[in-house]
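Asker: Okay, here's what each chain looks like letter by letter:
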Amino acid sequence: MVSKKIGKVIGSNSHIDYTCEIYRKRDKDNPPTPADHSFGQFVYIEKEIDGKNIHLIGVIYDSQILDPDQGRTGPKLAEPHEQELFHPSYIEEKMTLAGIALLGYCEVDDDEFCSNEHCVPPWTIEIDDIVRTLSDKDFLKFHEVDGEINLGYYQNLMELAGPFGTDLLSKIIDQLKDMKPDEEKTLEVIQKNIEFSKRIKGV
Amino acid sequence: MPIGIVSEPGREANEFKFITPDDEKLKTGEFVYYNVSLETEDEDSDLFSKTHKIFARVINRDECRGYPDSFLADPEVNPKHVAKKLGVISEDMELYRMTAKIIGYYDTRLNDFTNPRIVPKSGTKVELAPDDDLEKFLTNIEDVAEAFIGDLLHRNAGAVDIKLPVDNFTSTHLSILASTGSGKSYTCSVIAEELMKPDSRAAMLILDPHAEYHTLKEIEKMEEFKGNDGYKPKVSIWGPEDIRIRFAELSFREIISSLHNPSDAQEQRLREAWNRIQSSDDYGQYYSVNDLISECIPEDGSDAISDALTWRLRNAFDRELFDHSRNLSISELLEPGRVSILQLDTISAIDQQLIVNILFRKIYRERINCERNRDTQLDFPVFAILEEGHRFAPANGESRSLPILRTILSEGRKFGFGIGVISQRPSKIDDDILSQCKTQIIMQIQNPNDQDAIRRAVESVGEDLLSELPGLTPGQSVVAGDSVNTPFLCKIRERHTTHGAESLKTSKRWRESWTKNAQVPDKVVDADQDKGAEDREELL
Ligand SMILES: Nc1ncnc2c1ncn2[C@@H]1O[C@H](COP(=O)(O)OP(=O)(O)OP(=O)(O)O)[C@@H](O)[C@H]1O
Ligand SMILES: [Mg+2]
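These protein sequences, in sequence, are chains A and B. Using my numbering, you'd call the opening residue of the first sequence number 1 and step up by one each time. Using my numbering, you'd call the opening residue of the second sequence number 1 and step up by one each time.
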């Protein structure tokens with residue numbers, strides 16, 4: 001899968017928890033399909049910092065749909081330039097918001113990831129920053145530290161994603177297992193462990 | 001370099017706990033130290049403060065931080081890798097809480113450890129005790145010959161040589177206790193080798209009920225046993241045919257207790273006869289069982305009592321072991337620089353006890369004579385090894401050798417007669433005997449009764465070391481007692497000579513034997529052609 005623009009940042013709940021408004025069909029030539037902003041989709045936001053090209057990496061962990069007609073309370077309406085779009089017509093009444101958890105960042109050189117960090121990024125994202133899907137190749141690269149899969153963001157993600165944390169991580173691990181069969185066993189230990197503790201809690 | 005930091009006092013007054021990330025170097029039984037500054041008096045009684053290394057032995061180890069059990073779900077997956085994937089620092093993830101028992105600092109004036117009874121403060125650095133210190137402090141071999149028996153377990157081979165003071169364990173008795181096959185005879189042979197080196201030149205006796213010590217003969221030809229002054233050790237092997245007891249050596253008690261169920265009248269008659277012989281000038285040191293029989297027969301001819309005694313005495317003593325005049329000569333047997341090995345393997349258990357009784361009594365008598373400045377055949381100390389000690393000094397049950405062994409073990413040190421008791425069943429040895437062996441080499445022991453016996457007899461061995469006993473492998477031992485300054489784990493060195501007691505290669509023997517039998521062309525023989533057929537008829 002190649003990288004694709006899916007929306008833009010319209011707000012945040014914390015330093016690592018952002019809200020992205022997904023482009024509607026008529027916003028773009030190549031509008032995002034539901035698969036592009038599905039649960040567990042990895043995304044990135046590009047930033048220029050001290051002359052370096054940084055990709056802040058995140059994952060969609062939540063979603064919300066809004067109907068602007070009903071009460072007009074969404075964050076969207078607070079933004080004046082959008083209002084023109086909205087007010088004249090009510091054709092597009094549904095709006096999709098995606099919750100994005102930031103997991104870390106990568107430094108990019110010549111379109112290649114040259115370093116990756118699983119941590120709270122030091123920089124903030126701004127309103128209107130564009131959110132793009134992360135390619136499979138970069139997804140893997142982001143997870144590889146010294147050639148081995150690393151889930152250093154595990155704790156942060158579990159805390160942020162709350163009730164969805166387990167499913168989300170399990171989904172990520174599934175993907176990683178397919179990509180790195182030689183690490184399947186170790187990943188499986190982690191996967192079983194999180195699934196087990198969720199089930200036990202539910203009992 | 002510190003390997004840990006003191007966290008808290010231990011449960012016992014003399015213990016403390018420390019935390020370490022090291023799971024390689026710090027096994028239980030390992031020695032560590034911390035520094036303490038103590039007020040000390042100098043020669044002029046002025047106080048000055050001096051830093052002492054306080055040594056301690058690690059007695060327990062608990063993991064206080066480790067991987068969650070769930071990381072261990074797949075035996076093929078290293079929990080380290082799981083932790084790493086989850087971004088947990090995987091280096092030094094595990095932390096251990098060690099408990100150590102304080103031994104003290106080494107006081108060079110006392111040549112022993114002194115315990116200042118100061119528990120280290122939390123935060124005190126703990127370091128691994130240096131090899132050199134341990135080699136100097138664990139045993140005290142100043143001014144005496146040394147027996148190099150191996151090196152400290154847990155340290156690199158050769159890092160800390162263990163040398164026991166020969167004078168100590170050969171006079172205050174030694175015990176080597178372990179289950180069968182754990183290396184008792186091997187260790188004993190190592191000690192025998194050491195005692196025959198030019199620095200010691202012991203007068204040594206080995207009672208060898210399994211005929212496994214003959215390989216010590218090899219030392220006669222080995223260079224490292226030769227002294228600059230022409231010394232060469234001698235190894236004499238005495239087979240059953242060389243072992244004789246002069247009948248006249250037997251006491252009345254020994255004679256009567258060898259007889260089959262004698263009646264009171266018979267005992268009475270025998271005592272009279274025996275007394276006559278003792279007071280007569282005709283016999284002196286030499287009389288035979290026949291002489292005693294003749295004395296039992298009344299002047300007017302034999303009667304029922306003398307017939308019964310004749311049969312009983314013949315039955316008990318008309319054997320090669322008892323001789324009219326020949327005897328094991330202790331002057332031939334014992335000599336500095338000679339180890340004499342008495343092979344008792346074809347001799348019955350009762351006779352073995354009798355031999356020990358008579359021989360040891362004689363040696364003991366000579367040693368007393370020597371120390372009292374009387375005429376003696378033995379003007380030098382003697383060290384004797386008793387294999388299968390529980391047979392000679394059983395905890396319950398009769399043994400002819402028990403009384404003399406009791407005497408020697410409690411008094412022998414005054415007269416220079418030391419015993420090395422070897423046994424695989426410490427619980428079956430007489431308690432007094434066991435507790436009189438002041439140096440102990442204890443190897444693998446599983447049996448709880450035997451462990452209890454050791455616990456009772458060996459005060460200085462802590463529970464921590466006792467708990468190591470079941471897990472020791474052949475050659476690994478706990479050394480404790482008066483010859484060491486503190487007990488420790490030791491790997492017994494390899495022998496210079498070959499080991500004479502390799503365990504039977506059973507299946508190899510079976511195979512060989514089968515092959516041999518298979519070569520006999522026709523195995524089934526007619527009954528009347530079978531060897532011994534004639535005798536069979538006769539018997540019928
Ligand atoms: N220090 C050692 N170094 C190397 N091997 C050893 C050592 N001690 C013992 N062994 C091995 O263990 C075997 C058994 O030792 P040994 O014959 O001394 O046992 P034991 O305790 O005397 O047994 P038993 O009760 O049957 O007399 C030896 O054949 C030898 O191979
Ligand atoms: Mg043996």
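Treat the hints with care, since some could be wrong.
As the list claims (entries may be wrong) - Pulled from the structure, derived: some chain A residues nowhere near chain B, Cβ distances all over 12 Å: (1) K4; (2) K8; (3) F39; (4) K94; (5) E112; (6) S115; (7) K141; (8) G152; (9) S170; (10) E183; (11) E184; (12) K185; (13) I194.
To be verified - Example chain A residues on the side facing chain B (calculated, C-beta under 8 Å, incomplete): (14) N53; (15) C114; (16) H118; (17) V120; (18) I149; (19) L151; (20) E188; (21) V189; (22) Q191; (23) K192; (24) N193.
FYI, nobody ran anything at the bench for these hints, they're computed from the structure. Cβ atoms here follow ideal geometry from the backbone N, Cα and C, with glycine treated the same way.
Asker: So which of those numbered hints doesn't the model satisfy?
Answerer: Result: hints 8, 10, 11, 12, 13, 14, 15, 17, 22 break, sorted rising.
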